[in-house]
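Quick mapping for you: the protein sequence lines, in order, are chains F and R. Number 414 in my numbering belongs to position 414 of the first sequence; there are no gaps in the numbering. Number 74 in my numbering belongs to position 74 of the second sequence; there are no gaps in the numbering.
Worth double-checking, as some hints may not be accurate.
Covered, in the sense of this in silico footprint (three residues per stretch, anywhere, with C-beta under 8 Å from a C-beta of chain R), are these stretches of chain F [stated by the list, open to error]:
no., segment
1, 90-102
2, 445-453
3, 462-476
4, 491-502
Just some of the chain F residues that point at chain R, by a computed CB distance under 10 Å [said to hold, decoys possible]:
no., residue
5, Lys248
6, Val283
7, Ala420
8, Asn421
9, Gly422
10, Cys458
11, Lys479
12, Asp484
13, Arg487
14, Gln505
Stretch-level coverage of chain R by chain F, calculated; a stretch enters the list once three of its residues show a Cβ under 8 Å from a Cβ in chain F [to be verified]:
no., segment
15, 64-71
16, 86-94
Source of the hints: derived by calculation from the structure; they are not laboratory data. Just so it is clear, CB atoms sit at the ideal spot from N, CA and C, and this is done for glycine as well.
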Amino acid sequence: MSKYSMHLLVCGGTGCKSQESDIISERLKKELSKQGLEETVQVIMTGCFGFCEKGPIVKVMPDNTFYTQVKPEDAEVIVEEHVVKGRRVERLLYTDPETEAHVEDSKHMGFYRKQLRIALRNCGVIDPEIIDEYIARDGYQALGEVLANQSPEETIELMKASGLRGRGGAGFPAGLKWDFARKNEADQKYVVCNADEGDPGAFMDRSILEGDPHSVLEAMAIVGRCIGADMGYIYIRAEYPLAIERLKIAINQAREYGLLGKDILGSGFKFDIDLKYGAGAFVCGEETALIHSMEGERGEPSLKPPFPAESGYMGKPTNVNNVETLANVPVIILKGADWFSSIGTESSKGTKVFALAGKINNVGLIEVPMGTTLREVIFEIGGGIKDGKKFKAVQTGGPSGGCLTEKHLDTPIDYENLVANGSMMGSGGMIVMDEDDCMVSIAKFYLDFTVEESCGKCAPCRIGNKRLLELLERMCEGKGEESDLVRLRNLGEVIKDTSLCGLGQSSPNPVLSTMDNFHEEYLSHVVDKKCSSGVCTDLLEYFIVEENCIGCTACARACPVGCISGERKEPHLINPDTCIKCGACMEKCKFDAVILK
Amino acid sequence: MSLVKLTIDGHSVEVPAGTSIYKAAKQLDIDIPILCYMDLKDLNIENKPGGCRICSVEVEDRRNLAPSCSTDVADGMVVRTNSMRVINARRTVMELIISDHPKDCLSCAKSGNCDLQDMAIKLGIREIPGQEYAEMSTYRLDTSPSIIRDLDKCIMCRRCETMCNDFQTVGALNAVNRGFEAVVAPAFEMNLEHSPCTYCGQCVAVCPTGALTEVDHTGKVIAALNDPSKTVVVQTAPAVRAALGEEFGMEPGTRVTGQMVTALKQLGFDYVFDTDFAADLTIMEEGTELLGRLKRHLEGDKDVQLPILTSCCPGWVNFFEYNYPDLKDVPSTARSPQQMFGAIAKTYFADKIEVDRKDLVVISIMPCLAKKYECQRDEFAVDGNPDVDYSISTRELAHLIKQANLDLNKLEEDEFDAPMGESSGAAVIFGATGGVIEAATRTAYELQTGKTLEKVDFKQLRGMDGIRSATVDFDGLDINIGIAHGLGNARKLLDDVRAGKSQYHAIEVMACPGGCIGGGGQPLHHGDSSILQARTKAIYKEDEMKVIRKSHENPYILKLYDEFLGEPLSEKAHELLHTHYFDKRKKIFQV
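Only chain F is shown next, with the shape it has when bound in the complex (with noise of 0.2 Å):
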């Protein structure tokens, strides 16, 4: 790298990617050469920076110039004006919403400010499919220092001491869930990494592998060292074409490296990895789910125990972590427990990547201190609430977690805190809502993605989860009485106390959060037969502004069933009654009288 004197990052993610972020790389070259400037600057493409709402992004280093929305035209400008000539293309820089200024440096954008990198540490920052670029950021350090310098034993004890949880959900110790598998005496182990990322609005992981796959691969290395296998696995979905296609790039530039493979770095420790597909079942995330689905059984869980560490993969010790666990090993390893367990809570040590999405500004990927709360999380990094609405609600942990609302924005997010709240940390997913969001039908929409990914196996995750958003929908549609509420409660706190696996102890949440959390709006739904948010339609009715009517005729010419009266240049009126909800009225208003509430 040292021979360049400037970089030009553009974002490789697959957010950006699918922006035509490769032809803006192409382009950024094509200039350079154009200008005799290919050996003194250099184009990267690099992992996902985090910020897709304003993808595609370029950076310019040293200076940090964060470029957003950059078409493959804006290619010709960058090189002329920042490159050549040393100006900053203004057009093309971020805009603080509140100050309307143009924020030059990266570092102090709002998105950026709160957030500390660990398991993104090297995303956005090198190319991944370059390894000598992760070993200059000190990658395979941690690996030879394990190797060279600890027993396995020390490592675990390590990795004890740093308090790692286990970042797919559960939040388990990842230390002494390898010291379990370590401990489980085989002729056999295996090392597993769980890349089955299933949330909806979730990329934590596929970010990490598409951004820095070798912090996963050494991480998987050590721990193989550490429990005594000398195979992994990545159980990746096949959705993820860009991920594994940039894992078998890695993997195979660490064979050659002699990272992976026989006796790695002269150490005799043995050690390889391959990929595993899978279908993209939303329950092949939970352990015993994927470890079938890898057999190339039935991607169902199985009861625990046993649990991997005892009998996994093949019936032998097994180890799964899931990739931003993984990520956070190396870092540890070098810098110490004592230095990672000084971030976040007491409970929770670290940080924790967030996927954020909905009616949030700065829809993208961060990385923040365990401990931070929703409010610097939403209103800081996040940039607030679109268009200025209210906010009304956010969701973490995906759909096995819980609604949180207004009241809970200060909490500071850690697993004990958000489980205490009604939710959970789940893999990262939290998506946001704003006062136009039916929390009802928030519920139903959750409910309808597990009644979809729910294997089937175990009875109350099978047809509870079935009953429960029948009994939403039928809220949604007017049809839902106050009795159903009864029923919804009792059925979800069922299913959560009987199903097999994760999945269904967890399903009911969005709808048992939103119950507590918005009582009133569930109420309206069964009670007033209302959606205060107007997104039930069935619920809605047609009505005429009367300010704005001027009595032009039109709607009730357009009205099959004549249920518009009025005379003519008089305010008109719709007799709700006999309303069909067609909705031609509205379609032939030109003065938007007719509206919907």
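Add chain R to chain F, keeping to what the hints say.
Below, chain R alone, put in the same frame as chain F:
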């Protein structure tokens, strides 16, 4: 093994570590309701997917309820099986299961014999909240020659899968689709007819609901009996008499041979015969075949196929036709007793009573569902007229008897008709695992050595172990015998044969656990494998009571050869009593 002490509903109990809460509760006579769980102890088959969640119990300091069938006890554990939390959960889950189950109990094959129905009664289920708008998961009906799959009634207990995959290694059934649409089906959702299914019926035998049932032919039997132009002959398999009584409330293992004969006569069958007669005939043919192969082997013939495999069990025949088509010359060519009976009935016997075969209807009562398929095989028909017209199961016979207002308990005993009702003790033990080979040994020994057996009981061939082997001294010649029941066990012996490693001269295989007494058409054992033991005992008891205990001493068999067949393996015998096998894969997939 270390003991674990725990409390269940306030009572202390001490059980070995590794015991489930469910079993520990049993020791205290606390009967936790179960639905999907099944424990066939003697067969080492335990189905515990933890799927129905009906057996959930409360464990102190545990976040959620625990499935007691599959949660092991721990020291100091405090369990509640009857807290209101448990009762509410159990009831709610039961309501959910019923909400997705058809309510056509009146015409369901399992009505009165249905675990789900029993549970609904036990839990006092009266209404299903929201049933009027609850969507039901539906699936197409699949009717095969033997088994009907009505998956609308499937509760995903997975017992059938356990039997089909773990015990039988057939692999015809597995869960497909997911969530609300999940069902158990053959690969690619083909029908059973286009799957590796052997029609052994073990799935039917363990299905707790009406999702898997036999094809019912009682209506056809009634029609035949009601048709004055038909002469109706019935044959009853050995295992039927050892189990039929259970359908009439008798203790398992009660022999009802004589009462069954009376019932059949009162039902109006013109001739009540015994499949045992044909079992003796089978021994004559198969035994001679064995001795022939043995002779060639001893003379140094390298091409002779040994071991010889028995071929009485149609499930087993289907299994090797599908899985071992390369070995189709290894089994005996002898037809099963059912088919030998049919072939003789529609020739020798039809001639005797001067009835055209088209006017003679042969019904078989079998403990088996594969027999329904077997009698429909093309090779067992003459000009489209099958040797055996209909095969009905023990359960179907019980229904027929009950329809005729007959109570087996109150019937006098009667004798089978002649000539095809006479049989030896060797024939009756066909019903239990090891019986066919023991019967063959009795005859082959005497034919080979020319000596009379002092002791006809070969106890070393009996038992419930899945694979057994014994060496019988044929007057200085050691004959190695292998026995397997359950197709998974058979597969192990067959793999050795295929690899050329088998040490046996003869192998007996029965597809079902315990042999025919545990057949797919027998009264349901509801997971109680001690019932199979009791039936086995009844079979050997009947053998002991017989005067003639060797097939080749059955006078009617000798007469049959004398008058009609000539000698075993004669041309006529080949035509009527032997068969050939197919590569079933080619047949199923039309390749």
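A quick look at each hint next to the structure:
1. For the segment 90-102 of chain F, the assignment as covered by chain R is violated, since 0 residues bring a beta-carbon within under 8 Å of that chain's beta-carbons and 3 are needed.
2. With 3 residues bearing a CB less than 8 Å from a CB of chain R, the segment 445-453 of chain F meets the requirement of three and the coverage assertion stands.
3. Check on the segment 462-476 of chain F: 9 of its residues sit with their Cβ under 8 Å from a Cβ of chain R, so the three-residue criterion for coverage holds.
4. Counting residues of the segment 491-502 of chain F whose CB falls under 8 Å from any CB of chain R gives 7; the rule of at least 3 is met.
5. Below 10 Å, beta-carbon pairs count as interface contacts, and Lys248 (chain F) has none with chain R, the closest being about 29 Å; its hint is therefore violated.
6. Given the 10 Å rule on beta carbons, the hint for Val283 (chain F) holds: about 8 Å separates it from the nearest Cβ of chain R.
7. Violation of the interface hint for Ala420 (chain F) is found here, the shortest Cβ-Cβ separation to chain R being roughly 14 Å, above the 10 Å cut-off.
8. At a threshold of 10 Å, the smallest CB-CB gap from Asn421 (chain F) to chain R is about 17 Å, leaving the interface hint violated.
9. For the restraint placing Gly422 (chain F) at the interface with chain R, the shortest Cβ-Cβ distance is roughly 14 Å, beyond the 10 Å limit, so the hint is violated.
10. Using the Cβ-Cβ criterion of 10 Å, the hint placing Cys458 (chain F) at the interface with chain R is satisfied: the shortest such distance is roughly 5 Å.
11. Because the beta carbon of Lys479 (chain F) sits about 8 Å from the nearest beta carbon in chain R, less than 10 Å, this interface hint is met.
12. For Asp484 (chain F), the shortest C-beta to C-beta distance to chain R is roughly 8 Å, which falls under 10 Å, so the interface hint holds.
13. Taking 10 Å as the C-beta cut-off, the interface hint given for Arg487 (chain F) holds, the closest approach to chain R being about 6 Å.
14. At about 6 Å, the closest approach between the beta carbon of Gln505 (chain F) and any beta carbon in chain R falls short of 10 Å, and the interface hint on this residue holds.
15. Residues of the segment 64-71 of chain R lying with their CB closer than 8 Å to a CB of chain F number 5, which satisfies the three-residue condition for coverage.
16. For a cut-off of 8 Å, the count of residues in the segment 86-94 of chain R with a CB near a CB of chain F stands at 4, and the three-residue condition holds.
When each numbered hint is compared with the structure, violations occur for hints 1, 5, 7, 8, 9.
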